[in-house]
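Student: Residue-level listing of the chains:
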Amino acid sequence: MTPRQKRFAFVGVGLLVLGVATALVLNAFQSNLVFFFTPTQVANGEVPKGRSFRIGGMVEEGSLQREADGLTVRFVVTDTAKRVPVVYKGILPDLFKEGKGAVAQGRLDADGTFVASEVLAKHDENYMPPEAAEALAKAKAAGAQSSNTLIVQPQ
Amino acid sequence: MNWSKYSAPLAFYPLAGKMIPWFSIVAALAIAVGLYIGLLVAPTDFQQGEAYRIIFVHVPAAWMSMFLYVVMAVWAAVGLGLNARLSFMMTQAIAPTGAMFTFLALLTGAMWGKPTWGAWWVWDARLTSELILLFQYAGVMLLRTSIDDQRRADRASGVCALVGVVNIPIIYFSVQWWNTLHQGASVSMTAAPKMATIMLTGMLLMTFGFWMYSLAVILSRVRCVILERESLQVWSKPAAAAEVAEVR
Chain S
651 MTPRQKRFAF VGVGLLVLGV ATALVLNAFQ SNLVFFFTPT QVANGEVPKG
701 RSFRIGGMVE EGSLQREADG LTVRFVVTDT AKRVPVVYKG ILPDLFKEGK
751 GAVAQGRLDA DGTFVASEVL AKHDENYMPP EAAEALAKAK AAGAQSSNTL
801 IVQPQ
Chain F
47 MNWSKYSAPL AFYPLAGKMI PWFSIVAALA IAVGLYIGLL VAPTDFQQGE
97 AYRIIFVHVP AAWMSMFLYV VMAVWAAVGL GLNARLSFMM TQAIAPTGAM
147 FTFLALLTGA MWGKPTWGAW WVWDARLTSE LILLFQYAGV MLLRTSIDDQ
197 RRADRASGVC ALVGVVNIPI IYFSVQWWNT LHQGASVSMT AAPKMATIML
247 TGMLLMTFGF WMYSLAVILS RVRCVILERE SLQVWSKPAA AAEVAEVR
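Sequence lines, in order, name chains S and F. Following this note's numbering, the numbering of the first sequence begins with 651 at its first residue and continues without gaps. Following this note's numbering, the numbering of the second sequence begins with 47 at its first residue and continues without gaps.
Hints in this document: simulated from the structure, not taken from any laboratory.
No more than 35 Å apart at the CA atoms, straight line, and that leaves these computed lysine-lysine pairs for DSBU-like:
#1 S:Lys750 / S:Lys790
#2 S:Lys788 / F:Lys240
#3 S:Lys747 / S:Lys788
#4 F:Lys160 / S:Lys699
#5 S:Lys747 / F:Lys160
#6 S:Lys732 / S:Lys747
#7 S:Lys750 / S:Lys699
#8 S:Lys732 / S:Lys699
#9 S:Lys739 / S:Lys750
#10 F:Lys240 / S:Lys750
#11 S:Lys790 / S:Lys747
#12 S:Lys732 / S:Lys790
#13 F:Lys240 / S:Lys747
#14 F:Lys160 / F:Lys240
#15 F:Lys51 / S:Lys656
#16 F:Lys160 / S:Lys739
#17 S:Lys732 / S:Lys750
#18 F:Lys240 / S:Lys790
#19 F:Lys160 / S:Lys788
#20 F:Lys160 / S:Lys750
#21 S:Lys788 / S:Lys750
#22 F:Lys240 / S:Lys732
#23 S:Lys747 / S:Lys699
#24 F:Lys160 / S:Lys732
#25 F:Lys160 / S:Lys790
#26 S:Lys739 / S:Lys699
All of these numbers come straight from a predicted model, not from anything done at the bench.
Let's have the full structure, built from the sequences with the hints guiding it.
Tutor: Dropping the structure here:
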């Protein structure tokens, strides 16, 4: 090998070793790198006990309730498999909606309710004009109806 | 045509000078049209309203911050392998522009996060790794200026730039590998874009504009670097004199 090839080989091997080392480190820190835990992880007891952590998921449709003081809200965060009831006193972000993603920081109390000190809205990566979103929702509703009738008919 | 002759700073200096005006014009046009489409033509978003329009600066800036780092690292690798002066000059010229785009991505991200998520900043994997990228650019630049011997400064900051390249896949895939507050990618190589065509057009035009802007600025800076470093060479004296006269 010429000295030039040697230098390039050195750079290549160095990067390879570095890449493998990084992969191993990231793998080891896997659980510390998540921003939030899912309701399933909460149900399985994989969450830190006795200290604050974040949960994330969908705000269940129809679960949002406001209490008489006008500031305390209750809702359910779900990942479609498990559900976690959340109580939060404060102002919700504008994009917080039922059926949309949210991340809440706080701790679990004795009866399994998550007492949140901060609630963030998590939006998805889809961008479209409102008319397109409406058309999509309509098509989806129509699709759901027709498939229902198909299932019902044979009975 | 023999392109390898342009690896000599002496030959590259006038070539870069000839290319700069073209890249500048194309950049200005693309950014003007991109902003027009983004701010005036593109429709409102169905859930984020007008706040989403920051995407037309945020995403192109974030892409450029990662792309420029990779380009800088490639020049560093070429420089380390070939011992070529111009390669290290390119690494030196790219770093400030890359840092600028990283800062712009973080700043516009904060401005976007407040109205949508409800927080300026969160320590999720995407945001944290992008912040680390800003520190990496700073590290590459600082390491170069802290070493007096030019060759050693080149090699040290080149190795620093190369080592940091592992962060680029981490930034890009952070939203897939871990739970993050940051949303996933709307545009990727493997799937259809998850945004309306006119929005995508504006964003891609802005990206192209930022890319051309980077080329123009980096070539201007590399010319300064050539003049500065080759000031002992005979050829640069008239060029430097002409440059000074031009500025005055």
